[in-house]
Amino acid sequence: MRNRKRVGWHRYINGVNLAVLITVLFILIPLYWLIASSFRSPNSFGTATLNPAPLSGGNYSNAFVAYDFGIYFRNSLIVSIAATALVLILGTLAGYALGRLPMRGKFPTLVILLMISVFPEVAVIAPLYLLMRNLHLLNSYPALIIPYTAFFLPFAIWILRNYFLGIPKEMEETGRIDGASPLRTVWTIVLPQALPGLFTAGIFTFTACWTEFLMALTFNSSNNYRTIPVGIAEFGGNFNVPYGTIFAASVVAVVPIGILVFIFRKFVISGLTSGAVKG
Amino acid sequence: MAPVSLEKINKVYENGFHAVKDLSVNIADGEFMVLVGPSGCGKTTALRMVAGLEDITSGILRIGGKEANDETPKQRDIAMVFQNYALYPHMTVAANIGFALKLRKLPKAELDAKVKEAAEILGLTDWLDRKPGQLSGGQRQRVAMGRAIVREPSVFLMDEPLSNLDAKLRVQMRAEVQRIQRRIGVSTIYVTHDQVEAMTMGDRVTVLREGVLQQVDTPQVLYDNPDNIFVAAFIGSPSMNLYDATLGTDARSLKLGSQEVDLPESVLVARPALRGYTGKKVVVGLRPEHLPAESDNATGPKLVGEVELIEALGSEQVVHFTIDANRVLAEGAVDKDEAATVKHGEGVARIGAKVPVKVGDKLTFAVSIEDMKFFDESTGLAIRT
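Line order of the protein sequences matches chains A and B.
Here the first sequence stands for residues 1 to 279, where the numbers follow this note's numbering.
Here the second sequence stands for residues 1001 to 1385, where the numbers follow this note's numbering.
Just so you know, these hints were derived from the structure itself, not from any lab.
Here a beta-carbon is modelled for each residue, glycine too, at the ideal position from N, C-alpha and C.
Hints may be right or wrong, so weigh each one.
[To be verified] Here are the in silico distance ranges between beta carbons for each label pair: (1) 101/A x 1095/B: 32 to 40 Å; (2) 1184/B x 261/A: 50 to 58 Å; (3) 1106/B x 101/A: 53 to 61 Å; (4) 101/A x 1075/B: 42 to 50 Å; (5) 97/A x 1055/B: 13 to 21 Å.
[Unchecked claim] If the Cβ cut is set under 7 Å, some of the chain B residues that face chain A in the computed set are: (6) 1053; (7) 1074; (8) 1080; (9) 1084; (10) 1088; (11) 1090; (12) 1099; (13) 1100; (14) 1106; (15) 1107; (16) 1223.
Using the sequences plus the hints, can you model the full thing?
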């Protein structure tokens, strides 16, 4: 039998484990490199290194003090949280309607949504810029919150709709018979069961907003409204690229997403798989 | 507690499908009424209309004497048990049972007392803190029942509540559901496609076919005096043997394939209308137990069949035989796969356990002629008077 139990050292050193190790290293080494380099002294020359000793927090203080990274971080938080909240609220309502309520044109709506979610940003950035300018929204939070919501909503609607479809209809009917209002039914019966779907959609949206570059660069060029990706890209001037500071800022930028995924990983995994099977 | 009456209820879906046609049934206060029929016969639709989950296209629904057509499910004061139980997976058993009471803003102490009482009736006391995911199928079923009884509704509606259970548990729960219903004494409408469930549980049974009411009566009457071929074939297991036959010109004999069966005077006295069928085709029906083997000291006209298969059950033998008459299959009463396997002229008889018989034998049955049923060949209606 090919699947016989491995014994002795074969249990630990074998082809499968080796493949996993290589894959993990492949992903982790750049990350380690990033973190290691961020802790080098700001004055050390040259590019990255695997051995940062002696450790120094200088790059971090540089990022926050000399380069306004705190402002970018705040902007990113505001824009991402606002857009994610909007996407989740609208996505829940739309997803529920598309999944459950009797309405005409469900299928075309879903197809159009899918098309929008794969639409390249670059294609609409110019008209959007003109639109934002005419609305006097350039260099403001809504300049990013509105297009982010529009761009990331379709995907969230799909995830949530698939999730709602997986919840037996009888649950809602039982709720109705028990005398719960529609809103109460959605709130106490449907949403708790759709939590994994909400987390999945939420994390995807948040990550997408957090890392979005093109619109952030185009619509909010003023220093006060820059988000992290644009901020980091514009570190330094014509003659100097402060790699150490860029590394430090990048590490800080990764932290919120790392925390989110770590806390909600269980939900994200079940959210993805259930959507895949039941959709 | 309330009687329920359906008066000429119709359901036409938007796509034009006419699911329930002119259904009129009265369910007395405290009665256990079973709605039975093959899948797609409209029984669940009818139940959902009573529940208020489905609009009534036309007709009048009364609950407790009051017209309920336009009332919300909540106003109708009903409780429903679904096939898949529809328990809330994120709530404990206690929260599931108490949910409806919580919505009514019942004081906590009273709510807890009622939940506890329901749990005691159902033997769920030790499981109140669990989530539905940690329970077995039978326990989940009982939680669903608990959720219904704790509300003390005027009507219970049950949509195939036992069909997700395995066979043994189903038999147990059948008795359990009946016990609870009797104890609480609430009018109940119970939907099932399983005629055994219908026969064993119902005070009365309503048989539906393609949205049309076939017969409403007690299980015994349905069994003994089916109104038409469909009910005859649907009720009873193994089902009634139905054959095309021709009545003799003097109405004193019956031609079944190549065999002739004598009809005594008493058969005609009991069914004078039969004289109108002399020389014509009729459909005759015989329950398996009305075909004892000749050697069982049974008397009656003889019928000879070739034995195809024997199921020895210990107390009796179920013999599958063929005769050369045309077997009538009531459309919809037997499911299609099953119907496809029925051989030409196949029939089933219950004979004594001790009768020596083997496959391939020509076995002589003593037809219990008084129990024979006659049906009009074209309308399918019983010829009784």
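*Of the hints stated earlier, which fail here?*
Structure breaks hints 1, 3, 4, 14, 15 and 16.
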